[in-house]
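Visitor: Turn these sequences into a full structure, and let the hints steer you where they fit.
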Amino acid sequence: MVKMNVRLMMILLMVMSLALGFSSAVDFRWRKGGGFSGRFTRGAGGSSVVFPVHGNVYPLGYYNVTINIGQPPRPYYLDLDTGSDLTWLQCDAPCVRCLEAPHPLYQPSNDLIPCSDPLCKAMHMNGNHRYEAQEQCDYEVEYADGGSSLGVLVRDVFSLNYTEGLRLTPRLALGCGYDQIPGASSNHPLDGVLGLGRGKVSILSQLHSQGHVKNVIGHCLSSLGGGILFFGDDLYDSSRVSWTPMSRENSKHYSPAMGGELLFGGRTTGLKNLLTIFDSGSSYTYFNSKAYQAVTYVLKRELSGKPLKESRDDHTLPLCWQGRRPFMSIEEVKKYFKPLALSFKTGWRSKTLFEIPPEAYLIISRKGNVCLGILNGTEIGLQNMNLIGDISMQDQMIIYDNEKQSIGWIPADCDELASLQASAAQVYEY
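Residue numbers -21 to -1, 1 to 409, in mature numbering (1 follows the signal peptide of the UniProt record, and there is no 0), belong to the letters of the sequence shown in order.
Derived from the structure by calculation, the hints contain no laboratory data. Quick caveat: nothing in here was measured; it's all calculated off a predicted structure. We treat Cβ as the ideally placed atom computed from N, Cα and C, and that holds for glycine. Honestly, I wouldn't trust all of these hints.
What the hints assert, rightly or not - Per label pair, the in silico range of CB-to-CB distance:
| hint | residue 1 | residue 2 | range |
| --- | --- | --- | --- |
| 1 | V75 | R246 | 49 to 55 Å |
| 2 | G284 | E121 | 42 to 48 Å |
| 3 | G347 | D90 | 50 to 56 Å |
| 4 | Q362 | Q384 | 22 to 28 Å |
Guide: Now the structure itself:
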């Protein structure tokens, strides 16, 4: 008989309380310093699906999850992307143009999705799409970094696990991508993309329409690397979350209804009504040209007289600073930088603040310099949009509640959450 250590027994007790629906589940701190003590609790609408997340902002430049797809199920690494809807895999259909992949190419099922299928129609709502063959639904997705995927929609089995250990094997639509063009930021082996947007073809929307989970998605990305992704609303206390309504006009993206006001060091920069999008598919944060110039101006002004100077030979990111000696961590240098924040109106007089501390907009390069992880989005064609990327969502639980049409966030110890999820998963293997 395998011996369990004390930690594993605690996790088992937690999981048992989950399965029985006890409200007095074991408490675990999600925020270092005790800022928030959350619980894995079971909600009224069923259980959640939780995935361990792998990767980091730098140097890898991506976060992904492993999902088993097909019959028999095979593992694939999928990059998280709340900025797009379609989940697709590089596919041997055969493949015309495929990128380097960590696993053998996906062998598509014979379950082609026809043009008449509602999901196909939802993908081509503009009505301008011409179908080459009625028995199959063609797709093409393009990304802001210039990457793209071309293929056909198929259905196949996804092997998922509820938090309480039950196995879930729904048939879901995905793209069989046989022609991929790499984007400027696609510099790692890639099996495919996990589309987590608001559209009907997203994996979350499909699972919700089949009655498996609530239409809620969330992630907690650790600054140490890794984290968790979840479908459902069981992993947080809604009353402790900062919420802002989703935009109804910008229904393609997870965007606050009211434009954000940009603050630096607690004071306004004068920039208001910034169109903001939360996008896990972007490693870095992108501001429009006006906001970017404002941030770089106030940063350079604040750093005047400090023991930092711009590094001309470090091209890790457009703007880097070097000290008297190489820095080993953000902790050494964050004292020279002030926090940023976006203030969103939630009503006539109420506001909620999305804080971006220095560690959520800076990285330490391989050369030991500190670099600004906020880039000029106008230069890459984002026009007036402002993307909140992974770097600025680290060490926070970000929640996209499509049922209540709200986006929420709360500081969290994402590394600890990932450890708890991994320990809980081990319990079910016994």
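Visitor: Could you tell me which of the hints above the structure violates, numbers in ascending order?
Guide: Of the numbered hints, all hold.
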